[in-house]
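From first to last, the protein sequence lines are chains L and B.
So in this note's numbering, the last spot in the first sequence is 283, and the numbers never skip.
So in this note's numbering, the last spot in the second sequence is 529, and the numbers never skip.
Rather than coming from a laboratory, the hints here were simulated on the basis of the structure.
Note that this is a predicted model, so its numbers are computed, not measured.
We put the beta carbon where it would ideally sit given N, CA and C, even for glycine.
Any given hint could turn out to be false.
Unchecked claim - If you want a taste of the chain L side facing chain B, the calculated C-beta under 8 Å gives, among others:
1. Thr48
2. Ser49
3. Thr51
4. Arg52
5. Gly56
6. Leu78
7. Pro80
8. Tyr82
9. Asp86
10. Gln87
11. Arg100
12. Thr106
What the hints assert, rightly or not - Mimicking SDA-like on lysine to any residue, the simulated pairs with C-alpha atoms at most 25 Å apart in a straight line are:
13. Lys71/L to Arg364/B
14. Lys525/B to Asn66/L
15. Lys75/L to Lys525/B
16. Lys118/L to Thr90/L
17. Lys525/B to Thr51/L
18. Lys71/L to Asp527/B
19. Lys15/L to Leu528/B
20. Lys67/L to Tyr517/B
21. Lys138/L to Glu371/B
22. Lys304/B to Thr90/L
23. Lys368/B to Glu193/L
24. Lys138/L to Thr529/B
25. Lys110/L to Tyr288/B
26. Lys368/B to Glu249/L
27. Lys75/L to Thr529/B
28. Lys152/L to Pro69/L
29. Lys110/L to Pro377/B
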Amino acid sequence: MILVEDLRKNYGRVKALRGLSLEIQRGEIFGLLGPNGAGKTTFIRILTSLTRPTDGRVWINGLDINKYPEKVKRKIGLVPQYLNLDQELTAEENLEFYGRLYGMATGERKRRLEELLKFVGLAERASDLVEGYSMGMKRRLLIARALMPSPKVLLMDEPTVGLDPQTRRKLWELITALKNQGVTVLLTTHYIEEAERLCDRVGIIDEGRLIALGSPQELKNKVGLIAVEIMAPDGVKRRFFRNREKALEYGSRYYKENKCDFLLREANLEDVFIELTGRKIRE
Amino acid sequence: MRGFYTVFSRDMLSLRRRFTKHALAGMVNPLLLLIAFGLGLGRGVKVGGVSYLEFIVPGIIALSGMTASFSAVGISLNISRRYTKTLEILLTAPISPLAVSLGKVLAGMMRGVLSSGIILILGFIFGAKLSLNMAAIVIILLNCFLFASLGLYIGLTLWSHEDMSNFTTMVLLPMAFFGGTFFPLESLPLGFSAILYLLPLTHVSISLRAAMLGLDIPVASILIIPVLGIIFLYLGMRAFRKGDLT
Ligand SMILES: Nc1ncnc2c1ncn2[C@@H]1O[C@H](COP(=O)(O)OP(=O)(O)OP(=O)(O)O)[C@@H](O)[C@H]1O
Ligand SMILES: [Mg+2]
Numbered sequence: 001m002i003l004v005e006d007l008r009k010n011y012g013r014v015k016a017l018r019g020l021s022l023e024i025q026r027g028e029i030f031g032l033l034g035p036n037g038a039g040k041t042t043f044i045r046i047l048t049s050l051t052r053p054t055d056g057r058v059w060i061n062g063l064d065i066n067k068y069p070e071k072v073k074r075k076i077g078l079v080p081q082y083l084n085l086d087q088e089l090t091a092e093e094n095l096e097f098y099g100r101l102y103g104m105a106t107g108e109r110k111r112r113l114e115e116l117l118k119f120v121g122l123a124e125r126a127s128d129l130v131e132g133y134s135m136g137m138k139r140r141l142l143i144a145r146a147l148m149p150s151p152k153v154l155l156m157d158e159p160t161v162g163l164d165p166q167t168r169r170k171l172w173e174l175i176t177a178l179k180n181q182g183v184t185v186l187l188t189t190h191y192i193e194e195a196e197r198l199c200d201r202v203g204i205i206d207e208g209r210l211i212a213l214g215s216p217q218e219l220k221n222k223v224g225l226i227a228v229e230i231m232a233p234d235g236v237k238r239r240f241f242r243n244r245e246k247a248l249e250y251g252s253r254y255y256k257e258n259k260c261d262f263l264l265r266e267a268n269l270e271d272v273f274i275e276l277t278g279r280k281i282r283e
Numbered sequence: 284m285r286g287f288y289t290v291f292s293r294d295m296l297s298l299r300r301r302f303t304k305h306a307l308a309g310m311v312n313p314l315l316l317l318i319a320f321g322l323g324l325g326r327g328v329k330v331g332g333v334s335y336l337e338f339i340v341p342g343i344i345a346l347s348g349m350t351a352s353f354s355a356v357g358i359s360l361n362i363s364r365r366y367t368k369t370l371e372i373l374l375t376a377p378i379s380p381l382a383v384s385l386g387k388v389l390a391g392m393m394r395g396v397l398s399s400g401i402i403l404i405l406g407f408i409f410g411a412k413l414s415l416n417m418a419a420i421v422i423i424l425l426n427c428f429l430f431a432s433l434g435l436y437i438g439l440t441l442w443s444h445e446d447m448s449n450f451t452t453m454v455l456l457p458m459a460f461f462g463g464t465f466f467p468l469e470s471l472p473l474g475f476s477a478i479l480y481l482l483p484l485t486h487v488s489i490s491l492r493a494a495m496l497g498l499d500i501p502v503a504s505i506l507i508i509p510v511l512g513i514i515f516l517y518l519g520m521r522a523f524r525k526g527d528l529t
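Using the sequences provided together with the hints, build the complete structure.
Written out as structure tokens, the structure is:
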């Protein structure tokens, strides 16, 4: 559904993307996980034609985005990283104008608008100016807006930042429901849990390069499933093991020899990132 | 051309909501100019056979139309690129650069027409004997088109707030003073008046004045205005195509 070939983007001397190649399947939830400045937003901006790549090509639904920008845009819903709602308008008007830009018919707009406002819990505030909304309400409206034209491809740049846990879980449910309807979802995130629980596949991106790719399980398998954290005097040491027994054995031995406390836990994608780069995703 | 009317009506909705504010804001400067120059300084003065008030009202209509149309498009585009990022709504929507450009320009023209109309009414109230004929209306509209298009081009090209306000003080403000608004070009030495013919606003002022006073309209001037407007519109559309606007 989304095919990316050797994508590069330079901002002057800053290399935001250094040769990204990727294929995202129809009906897949794909998560792009990476630290600040990794190039996630740059990637999404290229997919939505907000910026042009320095080099490389992108096809969405088989169409070269450079050659058929309008046809491609019609298929895409975008949740940007910042809240670019029209503050002079009400929630209802925001969705209304958005639907019109995508050529939706009047009846369809009205139906969809009510449905979405109800879904994001803003039906009661529908005719208030967005200016007066709280951050979380604005985020929810931003998501409703992206869904307004029923996109085939949904691009979300850190969609759950600033959402309360309840709304975040509701959004996860929605994303899963969309996937079951055949929508392809690409989301970027900082949240390990989000990438692990929601995504079919995760790409780990760092300094403009894809450094790992696979299902959350596959990625964790690479480092080992069980982590042992040893509280050494000079900081926390991590080791990974295939199973609980080996991990426990290692921990107990270490404890006997050095009198350091340790704990066992399941490995997560943060561990994968640390193993690959020596750094944490979030410092 | 899908999307053109949506872009236009979004800005019209905003204009309707802030109508009083825009109308009052558009009134203050021209009113000061009218009182200071038209009634104060110019009382009893005749220029080319007409009262000074009748001489400057068309000039002030031209310069108000210019300022209002330019900022309605230019300043708001700049803000929607830099601060609110709402321009991205239009940039990621499946509509053509032409549709966005025309929608923005037409909406900006409406602000210019509103300002021009206010001066016209004030001029009549102050007793200027001017005729509002078909030619005058066309020139007012072309003026708003020209500077709304300039606003489109400049708003999409300049990035910083400083550059925007420098453009206003270094290009628009001098043009407002010297573009045939307050004194006849013939009163200047020949070389100097030739330079003033390079200012787009000059052509608006002299042709609008001619139309409103019932004199012969300089045809070349009327042709220059839309041609420049189309050039800026084209440059604006090209900036949309190029991308990297936000
Ligand atoms: N318009 C721009 N001009 C110059 N440099 C830019 C621009 N946009 C991004 N960059 C640079 O490109 C790199 C990647 O930025 P990008 O915004 O894509 O990161 P990100 O992964 O989205 O980070 P975050 O998690 O903070 O949102 C950074 O080094 C950034 O400074
Ligand atoms: Mg980002």
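- Task: Check each numbered hint against the structure and report the violated ones by number, ascending.
- Result: Structure breaks hints 5, 12, 23 and 26.
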